[in-house]
Amino acid sequence: MIEVENLTKKYGDLVAVKNLNFKVEKGKIWGLLGPNAAGKTTTMRILTGYLPATDGKASVADYDVFEKPNDVKKITGYLPENVPLYPEMTVHSYLNFVSEIKQIPASQRKEAVEKSVAISGLETVRGRLIKNISRGFKQRVGIAQALIHDPQVLVLDEPTIGLDPAQIIEIRRLIKSLKGERTILLSTHILAEVTQTCDGVVIINEGNLMASGSLEELTASFKEKEGVVIKLKKGEKSILSLLKKIHGVDEVSLVDDEFKIEWTKGKDVRDEITKLVVDKELGLIEMRPLAMNIEDLYLKVISGGVEQ
Amino acid sequence: MKNIWAICKKEVKAYFTSPIAYVVITVFLVLIGFFFYSLVWWFNSQSLQMAQNQYYYQQLNINQMVYSPLFHNMSIILLLMIPLLTMRLFSEEKKRQTDELLFTSPISVNQIILGKYFASLFVLLVMLFLTGILSIFVFAYGNPEPAPILNGYLGLFLVGAAFISIGIFFSSLTENQIVSAILTFGALLLFWILNWASYSAGGMWKSVLNYLSFFQHFDDMTRGILDTTDLVYYLSFIFLGLFLTHSVIQSRRWR
Ligand SMILES: Nc1ncnc2c1ncn2[C@@H]1O[C@H](COP(=O)(O)OP(=O)(O)OP(=O)(O)O)[C@@H](O)[C@H]1O
Ligand SMILES: [Mg+2]
Chain A
1 MIEVENLTKK YGDLVAVKNL NFKVEKGKIW GLLGPNAAGK TTTMRILTGY
51 LPATDGKASV ADYDVFEKPN DVKKITGYLP ENVPLYPEMT VHSYLNFVSE
101 IKQIPASQRK EAVEKSVAIS GLETVRGRLI KNISRGFKQR VGIAQALIHD
151 PQVLVLDEPT IGLDPAQIIE IRRLIKSLKG ERTILLSTHI LAEVTQTCDG
201 VVIINEGNLM ASGSLEELTA SFKEKEGVVI KLKKGEKSIL SLLKKIHGVD
251 EVSLVDDEFK IEWTKGKDVR DEITKLVVDK ELGLIEMRPL AMNIEDLYLK
301 VISGGVEQ
Chain B
1 MKNIWAICKK EVKAYFTSPI AYVVITVFLV LIGFFFYSLV WWFNSQSLQM
51 AQNQYYYQQL NINQMVYSPL FHNMSIILLL MIPLLTMRLF SEEKKRQTDE
101 LLFTSPISVN QIILGKYFAS LFVLLVMLFL TGILSIFVFA YGNPEPAPIL
151 NGYLGLFLVG AAFISIGIFF SSLTENQIVS AILTFGALLL FWILNWASYS
201 AGGMWKSVLN YLSFFQHFDD MTRGILDTTD LVYYLSFIFL GLFLTHSVIQ
251 SRRWR
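Residue numbers (the working numbering), protein chains in the order written: chain A, 1 to 308; chain B, 1 to 255.
Excised from the complex, chain B in its bound form (with noise of 0.2 angstroms):
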């Protein structure tokens, strides 16, 4: 526990002295205030028109109208800017030649990678947390659900944690980070937008394309739905990227 916490440490600061993390963070934000702001624009624009029919006006609801397109905006945004995160993780470290003191080091290879993982993931926090002032907007002039929109953020951490464990295998399979950021991309795309092929396909495969597909145990959760078995896909997934990072590192040291 001490090792994953000097490791995460040492991440956390690094992705704070370059201007990594500040710059993912900003561009997160500018992009979502940019969505937040339209979307609400929008919804009060409709809410004026509505207001003349008291039927429709009832069915306004700014959880559905607002925040579950903007929990699928956030979430695209975040396949853009996790791979970002996670490109340096080992790549740097390959190419510095500083793996050479952590492996040599009385720690253990999972302890170095649940380091690194735990501090991607504390970036991520703090992107989530950010965007959460902007709701205080909302609460104040608005009487949204407070339930599904926490679910919603729930989700987004769940998507950004896999993300993230995708990323960090990338990142242990080659010392350049650019070819580490675009595999990571690539492979967190394909995995998004699986379910396409689920219309094609028929029969078993449907459901298994569907079932491995990010996008479909997101939209659950955006919409306040909470399943057990969204969170075992995430778990799942999140287990596999960090044990094929594992087995990537050992196979190469033993090698």
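Here chain A stands alone, though its shape is the one from the complex (with noise of 0.2 angstroms):
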């Protein structure tokens, strides 16, 4: 439903987004998971057409975003990350405003508000001016206006940004309920988020991709690997190469002091990595095997410690 190929934009000399590739199958949710800068607001901005692409493409629904725009805006829904209200408009006239330029038809406009409103939980707010209304209410006329006409597409920008704790599962809960019938792409920094309501996470840092697929592909991915984090005495960066040289092994970070190592599952290499350590005299403080999973993943891409 959802589909990126090769997308890259460019601000200036800043690169944005590079090289992205993911897919988004039809009446799933998946996440967008990234931390600050990784690119989140800009890929999503591309895929409602506000933004254009400097390379690749971008398709929701079959349809082109540069070629078909109007196409992809009529069945898109969108929360840009900053929720585009009207401080001196009521949430109704606001929400009016927005079911005309959705192009829904007159006859069906009052219904559809009625229904958003509905669905995000506005009837005590609807008559007052937006300015006036707390932040969380702001949250859902934003989730009301992207749903108001009904769209196939979701594309949600940190929805559950703002909110106190029992908002956001209300939101989440509000999310999970949209599903089947639509397909949404939302996106956080929040791994729970991810792992609460997505069937599949693309991560994404400083504009390129870490990891995509389904939650289960990915955890399975994980189960092939093992790994162990080692704590050196000698805790130098000059190590890191060594380590890489050893036969068997796929990859190795440097977090923090500690070195991660990685190797296929079966293809054990403790015995070589202990003969190293004792061989160029490193000292071993510690040893332990490597917790695998998205976490773990994830963790490193906010520490900075992934190396491509």
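No lab work stands behind these hints: they were computed from the structure.
The model shown is predicted, which means the values in this text are computed figures rather than measured ones.
We put the CB at the ideal spot given by N, CA and C, even for glycine.
A hint or two may mislead.
Derived list of chain B stretches under chain A, where covered just means 3 residues or more per stretch with a C-beta under 8 angstroms from a C-beta of chain A [stated by the list, open to error]: (1) 1–8; (2) 123–137; (3) 235–246.
Taking lysine-lysine and the DSS-like style, the derived pairs with C-alpha atoms no more than 25 angstroms apart in a straight line are [as the list claims (entries may be wrong)]: (4) B/K2 with A/K115; (5) A/K176 with A/K231; (6) A/K74 with B/K94; (7) A/K244 with A/K231; (8) A/K225 with A/K245; (9) A/K245 with A/K280; (10) A/K68 with B/K13; (11) B/K9 with A/K10; (12) B/K13 with A/K110.
Reconstruct the complex from the two isolated chains, following the hints.
What follows is the structure, encoded as structure tokens:
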């Protein structure tokens, strides 16, 4: 339903998104996960037709975003990072305005507004000026706005930001309830949001794709890997290349003062590592098995410890 | 058409829920009222003096003595007021990031621009219409010719419409409303007084500068002359303003 191929976006010299590839199947919820400045908002702006890409392709429901922007806009609901609200309008008149510009026929507008008010739980504030309602309600008006034309595809940029814990749970429940008929792409910094609401995830950092796939796929792929974390007295960067040279080692990274070493399941290289440590007199302080899951991967991404 | 109407409605509502429209209209009317009063008073005193002389009395013409200068004053006040009306049109959307809603909705950039343009035109019409009330007194107590007055109003409307198209252009350039207003004001003033430069210029430049000046075209209309070249001038000005706005918005997004 949502497809991104080799997508690249440059702001002048700054490359915000680099060769991004991912695909979201119809009826699924996917999370776009990444730390600040990862390029999440940029990707979503391109998908919704707000920004052009520098290179690459993007399509929604088989409509090319750059060639058929209007077809894409008709079937896509979008909650931008900063909820686009007019403070001097009431909630009701705002939603009414949105229903007009989203091309809902006049005869169905009233019903559409009612429905989105009900889904987003806005009954109590519908007559109030937007500038006077609380942050959480503003966020909900944003969600109502995205849902008003009953879109097949929803793009939600950090839908739970600025909400209190009870509201976060409620909004997540709301998003889950929208699943099935709709395809949803949501962005977040929070891993828990992905594991609780999403079927799949795209992890990006500084515009680079770090991992993507359904949650099952990703966990399965981690099961095929094993690893250890070692702590050395001489924890210098130069040791990274020594460790990499060991036959069978797939990946080595230095996080804080600990080395993470990974290999494919079955090819246990622990003996070789110990041998290297003893030969070079590196002074082993600690060696423990590496927990392999998405959390781990994401922590690595956030702490910048991933090497491509 | 439906989309233009939706945007236009929203903008008109925004004008009248914020104080902007009321303040601009009120200040405009107060100033025009003042000018009108002084001009009529002056006309009256002139008529009393000239009443002794039948020949001069015949020469007195309320159209020339009251309306022609009044229209000039109105156009100058419009030049001061219109930047305040247009400054928010795109700057505010950008600042509040509501442009993200507009540009991700299935409506075209042209429809957005036209919707906003018509909303400002509506406020202009309200302003001009309200000044028309003053003329009721003139028609009640005197006998001016209606045709030149209507012609003058048409001129004012066209001048205002051209001003708005410049204003909307500068509003698309910046997210700062003050900057947008100042740039609009500067540009309008420059176009207004362009004919001053024509005094020193020679040959072809003289006529080019004269042609480009707002003043030159407006002057004719206040004296009741409706020329197609003036009409063409204003319409091309409006078109150019809106076209540039469109280019700015597209290029900003496609960079
Ligand atoms: N209009 C712009 N002009 C220049 N650079 C920009 C612009 N918008 C974003 N960037 C840069 O692009 C990079 C990616 O930004 P983006 O907003 O997509 O990140 P994000 O993943 O949404 O971050 P966050 O989690 O903080 O919202 C950042 O380095 C940002 O500074
Ligand atoms: Mg963001």
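Comparing the hints with the structure gives:
no.	hint	result
1	1–8	holds (count 4)
2	123–137	violated (count 0)
3	235–246	violated (count 0)
4	B/K2 with A/K115	23 angstroms, holds
5	A/K176 with A/K231	42 angstroms, violated
6	A/K74 with B/K94	22 angstroms, holds
7	A/K244 with A/K231	16 angstroms, holds
8	A/K225 with A/K245	18 angstroms, holds
9	A/K245 with A/K280	14 angstroms, holds
10	A/K68 with B/K13	32 angstroms, violated
11	B/K9 with A/K10	37 angstroms, violated
12	B/K13 with A/K110	19 angstroms, holds
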